[in-house]
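From just these sequences and the hints, can you work out the full model?
Protein sequence lines, in the order shown, are assigned to chains A and B.
Per the numbering used here, residue 1 is the first one in the first sequence, and the count goes up by one each step.
Per the numbering used here, residue 1001 is the first one in the second sequence, and the count goes up by one each step.
Since the hints were derived computationally from the structure, they do not count as laboratory data.
Ideal Cβ positions, reconstructed from N, Cα and C, are used throughout, including at glycine.
Careful: at least some of the hints might be erroneous.
Unchecked claim - Sample of chain B residues facing chain A (criterion: CB under 10 Å; computed from the structure):
#, residue
1, Thr1063
2, Asn1064
3, Asn1134
4, Ser1140
5, Leu1170
To be verified - From the structure, some residues in chain A lie toward chain B, with a derived Cβ separation under 7 Å:
#, residue
6, Cys19
7, Ser24
8, Gly25
9, Ile26
10, Phe27
11, Ala28
12, Ile30
13, Glu31
14, Glu33
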Amino acid sequence: MNIRSLAALLAVCLVAASCTSGTSGIFASIEREQKVVSLGGIAATATVTSMAELTRGSHQYFLTGGQSMFTRLINTVTWNKMLVAGSSQVSAVGSVGAIGNETIFAVASNVLYSSTDGSTWTAVPLLQGDIPADLLPVRNADGVSNDQLIVVTYNTAVTGQPSYQDVYLIDATGTVNANPVNLLASVNNLISPDSLNGLSANPISAVYTGALGVTGSPYYLASQNYLWRINSTFNAATTITVTGVSYGYQGLLYLSRNSTLYLSTMSNAGSGGGLYLINSPSANTLAFTALVTNQKVTVNPVWFTQFLYNTVNNSLWIATGSSSSNQGNGYAEYTLSTAGFSTTPSTNTDNYNSTVLPTSAVGVLWPDHESANWSNPNYFLGTLSQGLWLWSGTGSATPTWTQQ
Amino acid sequence: MKRLLPAPLVVLLFLVTGNLPLSAQATELTYDHHVAGDRSLTIQLGPMFPLAFQTWGGKTAPTNLTIGGTLGVDLDFYLNDNLRLGAGLGGMASTGPNNFTLFLVPITLRATWEFKIYPFSFPVGLGAGFSFTNYQTSTSFDPILIPTAGAYWNVTPSWSFGLDASPWILFQSYLPGGSIPASDSRIAYFADVTLGAIYHF
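Structure representation (structure tokens):
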């Protein structure tokens, strides 16, 4: 900037308004700033892996990270470490049900527990040998709710090694289906069970293609190497054969407004991850179409790539990951129109390299369903090694994240 | 600065010292009087109290800031015995809820009127200018007003020591349609109470 430009800038400032670098007013942002609370020195640096809410009695948040669970009441800042049925090893938490009527589930020390008040936990029986490993939120149409959960289990009975096998559906009433779907059986004719060990077959995202509270539509599950469709009664799984994208499946999102299934990938034949769509999915062999070719999305590695449909801004957030080429990323945001999502990140709301998130932060995004304000909910962003972040959904079109 | 001996003091001096040795009579009693061109350099140091943020609609909110500190330097030129004009450079630091530091660096033009009751002076002035404002990664350039009132003891013709109290009023306004929403416009109120030293030269 030369002297004349500087002088012109100062002159404009003199007669018009403040000149501020950044996306929000300094004093306004200080006014909104909330104190960061260290979650016992653990969760502040933990990789937040799951989150749930419970509004029966009083509104509580629950989150897990570092094999511990923390809880706090809404509008409070203090997180407390919580035991589940006497166990401190809590690996996953999730909730189902409508506002004020939820049931919360947690996986603690290889046992699935349920609770309606957050303090009394009851063990949930599963089939013999099934060990619960994870709870997946099942996003309903348009991704605004996850009032169902999928319990991912593994079983060592088949090969002597942990092999992911059964998935259970917990419906909105908190009922766990008695007959889980055996994912292993659905791919037996494709690959030997031994190669299903580890993350390659671990479902990491789930989606329901029906409307909120309406049954009759199929579910989709994605793992690194497999994409499954489970029928509407949740008793049979089909492995989807895909063309164009062979592996690295991560996040799933279904939008009813354009009957489109979206899939993000971590990698594909060494070309990096991306965002793909399947228009009107129905066949067993699906052709994915690359929706986003922006380099920001296709860099590796992408971990916990998941979607959140942000009802405030009508936009799609994709939690991306740190990458070798860009360490400051957090998530990418795309504007939604009636035709679907834009193919490039929103100009003013691309938070991929935002300074509001710490370096190497990567997220799993949760909307605060139960804040009883659907037009202005809270949004939570779980990160790798940076704890939990919250945006109140107010103040600016660009989210202002505060570490919790 | 000129050092004049007012007539009553001369008479009093003569009456009191008439029988004293000549060397004693040379004791100099002075009266501070400033003329155009005299200069003063003021250094101030003290705590800064964040008071409130206010929207342009009048709604106020706490600042979320801790009590900070301020340091300032003013260079003034006397136009006559009571009025001086000059410029000031200040600095202030205060921390937010998460220990990020807010920095304000105002640069102001200042007019000061000194009420005098020997050996004290009571400067009252107004500074207006702009402040560089920095918090985390954001920097802004904001209009600022700093009215000041103080009380000083003129210890020697060259040095005065005293107190100042100054509200700082910053205007951070954003126009509709800009990259920063107009709803983020604020008027920020701070106040400092400083110990000051003035060097006259």
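Structure versus earlier hints - violations, ascending order: No hint contradicted; all consistent.
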